[in-house]
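*Asks:* Chains W and L supply the protein sequences, listed in that same order.
Position 167 of the first sequence, counting from 1, maps to 167 under this note's numbering, and the rest follow consecutively.
Position 60 of the second sequence, counting from 1, maps to 60 under this note's numbering, and the rest follow consecutively.
FYI, nobody ran anything at the bench for these hints, they're computed from the structure.
Do not take every clue at face value.
Said to hold, decoys possible - PhoX-like mimics (lysine-lysine), calculated; alpha carbons at most 25 Å apart, straight line: (1) W:351 to W:317; (2) W:36 to W:70; (3) L:53 to W:214; (4) L:10 to W:192; (5) L:12 to W:47; (6) W:73 to L:12; (7) W:36 to L:10; (8) L:12 to W:78; (9) W:70 to L:95; (10) L:16 to W:36; (11) L:10 to W:148; (12) W:214 to L:97; (13) L:95 to L:24; (14) W:47 to L:10; (15) L:97 to W:207; (16) L:97 to L:53; (17) L:24 to W:36; (18) W:70 to L:75; (19) W:214 to L:95; (20) W:36 to L:75.
To be verified - Computed Cβ-Cβ distance ranges for the label pairs, DEER-style: (21) W:226 to L:53: 35 to 43 Å; (22) W:284 to L:77: 53 to 61 Å; (23) L:77 to W:124: 40 to 48 Å; (24) L:30 to W:47: 45 to 53 Å; (25) L:96 to W:216: 24 to 32 Å; (26) L:75 to W:283: 31 to 39 Å; (27) W:256 to L:25: 21 to 29 Å; (28) L:96 to W:226: 39 to 47 Å; (29) W:321 to L:51: 32 to 40 Å; (30) L:6 to W:89: 45 to 53 Å; (31) L:42 to W:201: 23 to 31 Å.
As the list claims (entries may be wrong) - Heads up, incomplete: computed chain L residues facing chain W, CB under 7 Å, no partners named: (32) 1; (33) 3; (34) 8; (35) 48.
Idealized CB from N, CA, C, for every residue including glycine.
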Amino acid sequence: MEIDLLVIGGGPAGLSAAITAAELAHSVLIVDENPKLGGQLIKQTHKFFGSESNYCGIRGIDIAEILEDKVNKLGITKHLESTVVGIYEDGVAIASEQALRVVHPKKIIIATGARENMLSFVNNDLPGVYGAGAVQTLVNVYGVLPGKRALMVGSGNIGLIVSYQLMQAGVEVVAILEALDHVGGYEVHAAKVKRLGIPILLRHTIKSAIGNDKVEAAVITKLDEHWQPIPGSERELNVDFICLAVGLSPSYELAAQAGAKIVYIPELGGWLPWHKPNLETSVSGLYVAGDAAGVEEAVSALLEGKIAAADASNSIKENKYAQKLVETTQKELQEFRAGKFGKKIIEGKRKLYASLHL
Amino acid sequence: MRITEHPIIKFKRGRKVTIYFEGKPIEAYEGESVAAALIAAGIYVFRYSPRHKRARGLFCAIGKCSSCLMQIDGKPNQMACMVHVRDGMRVRRQKGKGVLDGN
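Isolated chain W, as found in the complex (with noise of 0.2 Å):
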């Protein structure tokens, strides 16, 4: 199969970077794991509010919508349930419950997003110990509980977020902890989960879950200022189940696979493929976008995946037309990381543009 444009990975940065593509004429093939489009979209029932964007005001879950009908109606290929094993030089590979297959693109978008964080501490691996996006997925998408009484560990947007959604669902929130002295996301989701009632315990983190086979209880601890917990400020928290808000990393495995080269920058979540403004890794034809290019938001995912599919069209095929998008939605990415928590990206992706000399 001969096409202009892979893109790997139905989230908001894929499914951007495929609806600019189909729209610049290119034929275009998704893949992706999941039965449904959306990638984390499905689960995000909070609405955004991206400055400059196009769906501020809208919730994740119909950001989705949006995005799968005008991929149906630009007749955009799609194989879910589907998993690119491998990219090659001849080829890349494509396997599914039914078939492998091998596909010929000209170029290349890896939207393969990121996966949670762990945390170390005693039983981190008893059932019950969930990855907040999971509990999220759970609640927002199955309806289902993992349980009545939650510790949140983690301040940052997610934790938040999610911890408004489980008080929402019906599940009472004991606590979120933050090791660091103030709270991590933005202040909006903060004062929604405290009007709750939710305790934000900072300079606090957890050390261990108590249970047999499923989480019973955790014990939390105190931390002094050099991030040491204090003897004695032990506490048991009566709750089934926990949930780790603590970062995400980029999802990389299939950049370095493809030879791309892949560096760390804390800024960005770790380890992630090296990219140049335009999203191209250092494998020609080959670029990345979204929370794979640097953990971000749903809202930038969405501006990278225009921008990478802008240029990989351009580069086909010469044409005015898309190297003006590529500037102008450089542009309006700038824009949008222009606030407070853009501060971090913009230095990781100054230290990432720096950090490669080929």
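Chain L: place on chain W using the hints.
*Replies:* Just chain L now, kept in the frame of chain W:
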């Protein structure tokens, strides 16, 4: 535990089906993952680890961490979070390393 009423979300559950966990029938809905169906039924231990035989359950729910590997319809190492239920599906806890049964 399943949510029946929610302030924002209308859950569109599929057709009701039966899956078998360790031979015991469990109610599930088409369109949901094996992991979701098991947790809805109060089952949290999905496997035991190879070396220390520690209980493991769902962790990431999106096919990235491999904490939820189970034996599904005879096949080992299936991610319970990524496999969707089918009527009559047989699900077993994986004990240690996944082994193909050779049938």
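*Asks:* If a hint holds in the structure, say so; if it does not, say that too.
*Replies:* Quick rundown of the hints versus the structure:
At most 25 Å may separate the alpha-carbon atoms for a hinted pair to count; residue 351 of chain W and residue 317 of chain W exceed this at roughly 31 Å. Restraint check for residue 36 of chain W and residue 70 of chain W: the C-alpha separation of about 14 Å stays at or below 25 Å, so the hint holds. Taken as a hint, the residue 53 of chain L and residue 214 of chain W pair is honoured in the structure, with Cα atoms around 14 Å apart against an allowance of 25 Å. Simply put, residue 10 of chain L and residue 192 of chain W have alpha-carbon atoms about 22 Å apart, close enough for the 25 Å limit, and the pair holds.
Between the alpha carbons of residue 12 of chain L and residue 47 of chain W the distance comes to roughly 21 Å, so the proposed pair stays at or under 25 Å and holds. At roughly 24 Å between alpha-carbon atoms, residue 73 of chain W and residue 12 of chain L fall within 25 Å of each other, so this suggested pair holds. For the suggested pair residue 36 of chain W and residue 10 of chain L, the alpha carbons sit about 17 Å apart, so the restraint of at most 25 Å is met. With a CA separation close to 23 Å, the supplied pair residue 12 of chain L and residue 78 of chain W stays within the 25 Å bound.
Taking the CA atoms of residue 70 of chain W and residue 95 of chain L, the gap is near 45 Å; set against the 25 Å cutoff, the hint is violated. A threshold of 25 Å between alpha carbons decides the hint, and for residue 16 of chain L with residue 36 of chain W the separation of about 20 Å falls inside it, so the pair holds. Proposed proximity of residue 10 of chain L and residue 148 of chain W is supported: the alpha carbons are some 21 Å apart, at most 25 Å. For the hint pairing residue 214 of chain W with residue 97 of chain L, the CA-to-CA distance comes to about 21 Å; that is within 25 Å, so the pair holds.
Taken as a hint, the residue 95 of chain L and residue 24 of chain L pair is honoured in the structure, with Cα atoms around 18 Å apart against an allowance of 25 Å. For the hint linking residue 47 of chain W to residue 10 of chain L, the alpha-carbon distance of about 16 Å falls within 25 Å, and the restraint holds. A distance of roughly 29 Å separates the Cα atoms of residue 97 of chain L and residue 207 of chain W; the hinted pair therefore is violated under the 25 Å criterion. For a cut-off of 25 Å, the pair hint linking residue 97 of chain L to residue 53 of chain L stands: about 10 Å separates their Cα positions.
For a cut-off of 25 Å, the pair hint linking residue 24 of chain L to residue 36 of chain W is broken: about 29 Å separates their Cα positions. Pair hint residue 70 of chain W plus residue 75 of chain L does not hold up; C-alpha atoms about 37 Å apart against a cutoff of 25 Å. Between residue 214 of chain W and residue 95 of chain L the alpha-carbon distance is near 17 Å, which keeps this suggested pair within the 25 Å criterion. For the hint linking residue 36 of chain W to residue 75 of chain L, the alpha-carbon distance of about 24 Å falls within 25 Å, and the restraint holds.
Between residue 226 of chain W and residue 53 of chain L the C-beta distance comes to about 37 Å, which sits within the given range of 35 to 43 Å. As the Cβ distance of residue 284 of chain W to residue 77 of chain L is approximately 36 Å, the hint placing it in 53 to 61 Å is violated. For the hinted restraint 40 to 48 Å between residue 77 of chain L and residue 124 of chain W, the CB-CB distance of approximately 22 Å leaves it violated. For the pair residue 30 of chain L and residue 47 of chain W, the beta carbons lie near 30 Å from each other, so the given range of 45 to 53 Å is not met.
With their beta carbons about 25 Å apart, residue 96 of chain L and residue 216 of chain W fall inside the hinted range of 24 to 32 Å. For the pair residue 75 of chain L and residue 283 of chain W, the beta carbons lie near 34 Å from each other, so the given range of 31 to 39 Å is met. One distance hint, 21 to 29 Å for the beta-carbon pair residue 256 of chain W and residue 25 of chain L, is violated here, with the actual separation near 44 Å. Range check, residue 96 of chain L to residue 226 of chain W: about 41 Å between beta-carbon atoms, so the 39 to 47 Å window is met.
For the pair residue 321 of chain W and residue 51 of chain L, the supplied restraint of 32 to 40 Å is violated, since their beta-carbon distance comes to about 58 Å. For residue 6 of chain L paired with residue 89 of chain W, a C-beta distance near 49 Å keeps the hint of 45 to 53 Å intact. At about 29 Å, the CB distance of residue 42 of chain L to residue 201 of chain W agrees with the hint of 23 to 31 Å. Interface hint status for residue 1 of chain L: upheld, as the beta-carbon distance to the closest one in chain W is roughly 4 Å, under 7 Å.
Annotation: interface hint on residue 3 of chain L holds; nearest CB of chain W at approximately 4 Å, less than 7 Å. For residue 8 of chain L, the suggested interface contact is upheld, since its CB lies about 5 Å from the closest CB of chain W, less than 7 Å. Evaluation of the residue 48 of chain L hint against chain W yields a violated restraint, the C-beta minimum of about 10 Å exceeding 7 Å.
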